[in-house]
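We have chain S; now place chain R onto it with these hints.
Number of protein chains: 2
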Amino acid sequence: MRCEILSVGTELLLGDILNTNAQYLSRRLADLGIPVYFHTTVGDNPERLKKALEIAFSRSDMVIATGGLGPTQDDLTKEISAEFFNKKLVLHEESLKRIKEFFERRGLNLTEGNIKQAYIIEGSRVIPNDWGTAPGIILEEGGKILILLPGPPKEMIPMFETYVVPYLSTFSSGIIYSKVLRVCGIGESFMEEKVKDLIKSQTNPTIAPYAKEGEAILRITARAKSKEEAEKMIEGVVKEIRKRLGDYIYGEGETSLEEVVVNLLLEKGLTISVAESCTGGLISARLVNVPGVSKVFKGSIIAYDNEVKIKELNVPEEIFKEYGAVSSQCAMKMAEGIAKKMGTDVGLSATGIAGPEGGTLEKPIGLVYIGLYIRGEMSYKELRLSGDRNRIRLYTTINGLDLLRRGLLNL
Amino acid sequence: MRCEILSVGTELLLGDILNTNAQYLSRRLADLGIPVYFHTTVGDNPERLKKALEIAFSRSDMVIATGGLGPTQDDLTKEISAEFFNKKLVLHEESLKRIKEFFERRGLNLTEGNIKQAYIIEGSRVIPNDWGTAPGIILEEGGKILILLPGPPKEMIPMFETYVVPYLSTFSSGIIYSKVLRVCGIGESFMEEKVKDLIKSQTNPTIAPYAKEGEAILRITARAKSKEEAEKMIEGVVKEIRKRLGDYIYGEGETSLEEVVVNLLLEKGLTISVAESCTGGLISARLVNVPGVSKVFKGSIIAYDNEVKIKELNVPEEIFKEYGAVSSQCAMKMAEGIAKKMGTDVGLSATGIAGPEGGTLEKPIGLVYIGLYIRGEMSYKELRLSGDRNRIRLYTTINGLDLLRRGLLNL
Numbered sequence: 000m001r002c003e004i005l006s007v008g009t010e011l012l013l014g015d016i017l018n019t020n021a022q023y024l025s026r027r028l029a030d031l032g033i034p035v036y037f038h039t040t041v042g043d044n045p046e047r048l049k050k051a052l053e054i055a056f057s058r059s060d061m062v063i064a065t066g067g068l069g070p071t072q073d074d075l076t077k078e079i080s081a082e083f084f085n086k087k088l089v090l091h092e093e094s095l096k097r098i099k100e101f102f103e104r105r106g107l108n109l110t111e112g113n114i115k116q117a118y119i120i121e122g123s124r125v126i127p128n129d130w131g132t133a134p135g136i137i138l139e140e141g142g143k144i145l146i147l148l149p150g151p152p153k154e155m156i157p158m159f160e161t162y163v164v165p166y167l168s169t170f171s172s173g174i175i176y177s178k179v180l181r182v183c184g185i186g187e188s189f190m191e192e193k194v195k196d197l198i199k200s201q202t203n204p205t206i207a208p209y210a211k212e213g214e215a216i217l218r219i220t221a222r223a224k225s226k227e228e229a230e231k232m233i234e235g236v237v238k239e240i241r242k243r244l245g246d247y248i249y250g251e252g253e254t255s256l257e258e259v260v261v262n263l264l265l266e267k268g269l270t271i272s273v274a275e276s277c278t279g280g281l282i283s284a285r286l287v288n289v290p291g292v293s294k295v296f297k298g299s300i301i302a303y304d305n306e307v308k309i310k311e312l313n314v315p316e317e318i319f320k321e322y323g324a325v326s327s328q329c330a331m332k333m334a335e336g337i338a339k340k341m342g343t344d345v346g347l348s349a350t351g352i353a354g355p356e357g358g359t360l361e362k363p364i365g366l367v368y369i370g371l372y373i374r375g376e377m378s379y380k381e382l383r384l385s386g387d388r389n390r391i392r393l394y395t396t397i398n399g400l401d402l403l404r405r406g407l408l409n410l
Numbered sequence: 000m001r002c003e004i005l006s007v008g009t010e011l012l013l014g015d016i017l018n019t020n021a022q023y024l025s026r027r028l029a030d031l032g033i034p035v036y037f038h039t040t041v042g043d044n045p046e047r048l049k050k051a052l053e054i055a056f057s058r059s060d061m062v063i064a065t066g067g068l069g070p071t072q073d074d075l076t077k078e079i080s081a082e083f084f085n086k087k088l089v090l091h092e093e094s095l096k097r098i099k100e101f102f103e104r105r106g107l108n109l110t111e112g113n114i115k116q117a118y119i120i121e122g123s124r125v126i127p128n129d130w131g132t133a134p135g136i137i138l139e140e141g142g143k144i145l146i147l148l149p150g151p152p153k154e155m156i157p158m159f160e161t162y163v164v165p166y167l168s169t170f171s172s173g174i175i176y177s178k179v180l181r182v183c184g185i186g187e188s189f190m191e192e193k194v195k196d197l198i199k200s201q202t203n204p205t206i207a208p209y210a211k212e213g214e215a216i217l218r219i220t221a222r223a224k225s226k227e228e229a230e231k232m233i234e235g236v237v238k239e240i241r242k243r244l245g246d247y248i249y250g251e252g253e254t255s256l257e258e259v260v261v262n263l264l265l266e267k268g269l270t271i272s273v274a275e276s277c278t279g280g281l282i283s284a285r286l287v288n289v290p291g292v293s294k295v296f297k298g299s300i301i302a303y304d305n306e307v308k309i310k311e312l313n314v315p316e317e318i319f320k321e322y323g324a325v326s327s328q329c330a331m332k333m334a335e336g337i338a339k340k341m342g343t344d345v346g347l348s349a350t351g352i353a354g355p356e357g358g359t360l361e362k363p364i365g366l367v368y369i370g371l372y373i374r375g376e377m378s379y380k381e382l383r384l385s386g387d388r389n390r391i392r393l394y395t396t397i398n399g400l401d402l403l404r405r406g407l408l409n410l
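Residue numbers (numbering that gives the first Met the number 0), protein chains in the order written: chain S, 0 to 410; chain R, 0 to 410.
With the rest of the complex left out, here is chain S (with noise of 0.2 Å):
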């Protein structure tokens, strides 16, 4: 079982967009025991997009084809796969229906192009698209199968590891388990060092680290006849990596640091408010990503002038003379501050320079403090960060969930 990756869309072609698409499969096919030994890119063009998948087949037994499945004129990936196989397209009742009530939802009337999605080529079977409103299809014609998905990742992969997954494990010998452990407060490389012989001895379970942003995932996997095996097989690496890592590792398997935070929140009853400065609500709204939040989570304050640092969260004007807004004394009376204002037991804050202008010889940019409440008790953390605006804020966010984590597990 060969497969071939076709991405379909112009933007590609132009260099406006990364195709990520294609390694996140490669990535996944690889985990699955799918060879993959070509990837195409073509733009949203009949012809070339036909000789492209003339090309696939000739050479590989299945296409996983991303792109070109969207409302406008220039999306033809079903269309030109249609006439490839010599196949109509029928109007799939379901999934009109699906993309009626997405539209109705949002109060907005349906296009011809979206009515358009819900036609799939006869014969094949529909990928349920949860995510947005392009169907994906299966379809499966003379030994060969073509897959195709949207090009948004966004809705392509929880399509493809919902409902392409299971499909693709029935072709691969024995099933194939893994699990990912998810590391934070360690360097992407310093983490690869530490199980970097782990890395290159094993085969069977193997051990892929990604660099996720500011975070770090392992991702241990597994080929054997059970899941029981597998498990048992993975269970032994996860022992050793836990030996390496220690409370680096802050989660197994789907979750999100905010959620391992949030959790730890409901366990222990406590309560918790955030007071902003440089990242300016990025904590906040990672907390917020976590169902069920309200039960901890009371409110927060963003204090990004230094007034309503005063006012709001009644840091001493004597801490600006003499420390500054950027320091670990304002960090942590903002903590402090924000706490009981909101009359929660827990209080974090974050002040920093994020750039780009603002920084000093003494306080350059990148230069940032956490501080953190706990009933009472306070700490704080400092980081030298580099990179843009954006990448300070962010690693300023997954630090402070961090230090908070490690708070409440009192590390």
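Possibly wrong hints are sitting among the right ones.
Because identical chains cannot be distinguished in the list, a pair is counted as satisfied if it fits within a single copy or across any two copies.
Straight-line alpha carbon distances no greater than 25 Å define the calculated DSS-like cross-link-like pairs of lysine-lysine that follow [claimed, not checked]:
{"id": "1", "residue 1": "Lys193", "residue 2": "Lys99"}
{"id": "2", "residue 1": "Lys193", "residue 2": "Lys115"}
{"id": "3", "residue 1": "Lys294", "residue 2": "Lys310"}
{"id": "4", "residue 1": "Lys153", "residue 2": "Lys195"}
{"id": "5", "residue 1": "Lys224", "residue 2": "Lys267"}
{"id": "6", "residue 1": "Lys362", "residue 2": "Lys242"}
{"id": "7", "residue 1": "Lys320", "residue 2": "Lys224"}
{"id": "8", "residue 1": "Lys50", "residue 2": "Lys199"}
{"id": "9", "residue 1": "Lys50", "residue 2": "Lys339"}
{"id": "10", "residue 1": "Lys242", "residue 2": "Lys153"}
{"id": "11", "residue 1": "Lys310", "residue 2": "Lys49"}
{"id": "12", "residue 1": "Lys143", "residue 2": "Lys86"}
{"id": "13", "residue 1": "Lys310", "residue 2": "Lys339"}
{"id": "14", "residue 1": "Lys211", "residue 2": "Lys153"}
{"id": "15", "residue 1": "Lys143", "residue 2": "Lys50"}
{"id": "16", "residue 1": "Lys294", "residue 2": "Lys193"}
I should point out that these hints are in silico values taken from the structure, not numbers from a laboratory.
This structure is a prediction, so every number in the text was calculated from the model and none was measured.
Same frame as chain S, but now just chain R:
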């Protein structure tokens, strides 16, 4: 002159690395007016690499291949290319000298593999590598052009810019120039409907719609002799599109909705503060994306808990009893409350049900109210959004910024 980009490396097919070279080269070739119709990625496999070269040259005049010029056994791009053109590899003394110096400078000794790197295809011209060891190659043969570059971007990019761009500019007929129109507050498919006929009829300039998260983009691209000529060609199209889309267009070129809004505040000398509930800080975070926002943005209160809405934003308790927290009345009171609290001219607010819990029949998940206060005047917008928690919050954020934009422009 059609160009194809050929990326060589098994690590790409395994998804171990992201193919940023293809994007980089595509973007630069577009700048040079050289059309790219295909990207192909192939592994370090002699047969498949040779086949990929055959296919590429069967449909393109020029192939730019990156990767596979390294010192190891599986670096074969040069060898296979020579084979493809029935040419010998010959030692290039100057490159050997460079490589030797490269290693001497680092106190390392030369390996056989590195000497192999000094061999080039007979009759080709060498692209010096001042950033690593592997030289690049330009081969003109039978009306076809093959350009080989190393895979590491640190070497590929400077070699391309320094030596390949000057070479390529001799081929490009005129230039390609494009302009981007940024659209929000209207769905991609609905926007498409309004300009469909233009997109169909236009060949030069072309009009291409792209969906962005909660926004849309129209890229108008013209091929012309000069930038001036291209700009004139684009001007007319932009005028027509503006006639159709009117104030759904919030900006042109490299900008963002938050940047447009912050600039409007600066122009009008207005300060702003934000009261957020379901968005949990996302609106504020978007504003803080903009460098220099501190001149207009004072701060925000994230009133996730109703107590906070009452205590900090002075939303009268009756509002909750009569209309509930998710109501136009509450949204407007929140906007007024934050503006008065922070002493700003403008107050923006959002309150809604992001789910997955909390939806009712008359107040379903996705129901959101955005409130706007500008110097005593209040307005609001009701949204009925679909999708998951994060999508609802993202679209609320964009609609909130758009309501603010319209308020500031008296639209």
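Consistency of the hints with the structure:
no., hint, verdict
1, Lys193 x Lys99, "between (52 Å within a copy, 20 Å between copies)"
2, Lys193 x Lys115, "between (52 Å within a copy, 17 Å between copies)"
3, Lys294 x Lys310, "between (27 Å within a copy, 18 Å between copies)"
4, Lys153 x Lys195, "between (32 Å within a copy, 24 Å between copies)"
5, Lys224 x Lys267, "neither (40 Å within a copy, 68 Å between copies)"
6, Lys362 x Lys242, "neither (37 Å within a copy, 50 Å between copies)"
7, Lys320 x Lys224, "neither (67 Å within a copy, 59 Å between copies)"
8, Lys50 x Lys199, "between (36 Å within a copy, 23 Å between copies)"
9, Lys50 x Lys339, "neither (67 Å within a copy, 64 Å between copies)"
10, Lys242 x Lys153, "neither (35 Å within a copy, 32 Å between copies)"
11, Lys310 x Lys49, "neither (65 Å within a copy, 63 Å between copies)"
12, Lys143 x Lys86, "within (14 Å within a copy, 38 Å between copies)"
13, Lys310 x Lys339, "both (13 Å within a copy, 13 Å between copies)"
14, Lys211 x Lys153, "both (16 Å within a copy, 11 Å between copies)"
15, Lys143 x Lys50, "both (16 Å within a copy, 21 Å between copies)"
16, Lys294 x Lys193, "neither (38 Å within a copy, 45 Å between copies)"
Of the numbered hints listed earlier, those contradicted by the structure are 5, 6, 7, 9, 10, 11, 16.
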